[in-house]
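Student: Read off the chains here:
There are 2 protein chains.
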Amino acid sequence: MCTLVIGAGGQIGRLIIEQLFQKGETPRAMVRRPAPELEALGADTVRGDLEGDFVHAMEGCDRVIFTAGSGAKTGADKTILIDMWGAIKAMDLARQVGIKQFVMISSRGAEDPDNGPAAIKHYSVCKKIADDYLLACGLPYTILRPGRLLNEPATGGFSTHMPADKEAQIITREDVAAACVYCLGNPATLNRIYPLVNGESPLEEALKSAD
Amino acid sequence: MCTLVIGAGGQIGRLIIEQLFQKGETPRAMVRRPAPELEALGADTVRGDLEGDFVHAMEGCDRVIFTAGSGAKTGADKTILIDMWGAIKAMDLARQVGIKQFVMISSRGAEDPDNGPAAIKHYSVCKKIADDYLLACGLPYTILRPGRLLNEPATGGFSTHMPADKEAQIITREDVAAACVYCLGNPATLNRIYPLVNGESPLEEALKSAD
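Sequences listed follow chains A and B, in order.
Per numbering that gives the first Met the number 0, the very first residue in the first sequence carries number 0; after that it's consecutive.
Per numbering that gives the first Met the number 0, the very first residue in the second sequence carries number 0; after that it's consecutive.
Don't read these hints as lab results, they were simulated from the structure.
You may find that some hints are simply not true.
Where chains are identical, the list cannot tell them apart; a pair therefore holds if satisfied intra-copy or between any two copies.
To be verified - DSS-like mimics (lysine-lysine), calculated; alpha carbons at most 30 Å apart, straight line:
1. 72 x 207
2. 22 x 120
3. 165 x 22
4. 207 x 99
5. 72 x 22
6. 77 x 22
7. 72 x 99
8. 22 x 207
9. 22 x 99
Since the model is a prediction, treat every value here as computed from it, not as a measurement.
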């Protein structure tokens with residue numbers, strides 16, 4: 000099996016690559032800029048730009064993890080072009096090449112942008128539209144909707160029930176990466192959407208208790 | 000019949016209101032800010048905000064014209080929230096209240112953002128997603144995709160074949176408004192998409208010759 004990680008140069012992407020190696024897999028890492036630190040890990044790095052052509056990156060792969068995002072430093076035009084349009088194009092290509100599982104790193108608020116965090120409503124809308132496209136396009140999917148991301152070390156504790164208190168909707172990037180790697184190739188997680196925050200349960204139990 | 004014009008305070012919106020009056024109709028004008036000039040025309044103005052609740056504006060209407068847009072002066076976050084998300088919410092409400100025709104003022108490039116004008120690609124993506132939602136949501140629709148908009152007087156000449164030369168992809172706002180008003184209630188224009196620029200043909204002929 001070959002897994003393509005789109006957005007491998009991002010913070011969660013790098014953690015996913017590391018954890019896939021720890022699991023004994025050799026992922027393919029799609030990056031926009033040279034990523035010597037991923038190459039040093041032994042990853043099969045492929046240059047690809049979500050705003051251009053990137054079908055070559057997906058050919059020969061069975062699974063895709065989409066963890067690309069334009070980030071907070073660029074404008075909302077890039078949220079449109081990367082987080083939403085880039086994701087939609089990745090799904091279209093994934094259908095063409097027969098991808099068996101498309102794992103989307105989505106976000107809290109994507110289920111209902113009007114009632115999510117107001118400051119990132121435009122971002123939540125773009126994530127929702129990408130998620131809805133994934134639900135409708137026929138690809139086997141797994142959608143993770145983590146809370147606000149932290150750079151603290153992994154806690155190993157999870158919950159798939161988003162707390163009402165927005166301040167408590169937090170999770171470390173390491174834990175998100177671990178959940179993503181766990182879902183990969185796990186048939187129980189196919190065609191499921193998981194809200195995800197740090198909590199009290201082991202990962203498997205937290206996923207099983209999701210609505 | 001009652002027609003709701005969403006975005007009636009915009010440049011094309013005002014022209015549509017004027018032309019509907021000239022045709023003997025009394026449109027309802029949804030505006031975000033007070034619009035004394037529309038009230039002076041006799042329009043049934045209703046305050047409504049696409050970023051908030053506006054179902055009250057649509058109740059009792061049979062047709063909707065969506066010509067709202069955040070414009071070039073605000074950021075791409077507003078393109079997401081108004082042009083795309085606001086449009087999607089308007090369509091959802093239109094389905095709820097049983098609207099018989101939803102006329103969308105879309106844009107050139109919305110059919111294929113990757114090959115449209117590069118500077119407005121993020122805008123074209125948002126317009127495409129709104130258009131695709133309209134195609135899929137089950138509402139009877141008419142979509143107009145005008146070229147670059149001019150404030151010159153109406154020419155009365157049209158073409159529905161977008162010229163390859165992007166500089167020639169132009170049309171006056173008055174002509175777009177005229178096309179919109181013509182399509183309203185015209186069963187031949189239901190479930191059709193019309194590229195639209197100024198050209199050599201009368202409107203009816205130009206629409207009939209569309210692909």
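Student: Hints the structure violates: just list their numbers, smallest first.
Tutor: 1, 2, 3, 5, 6 and 7
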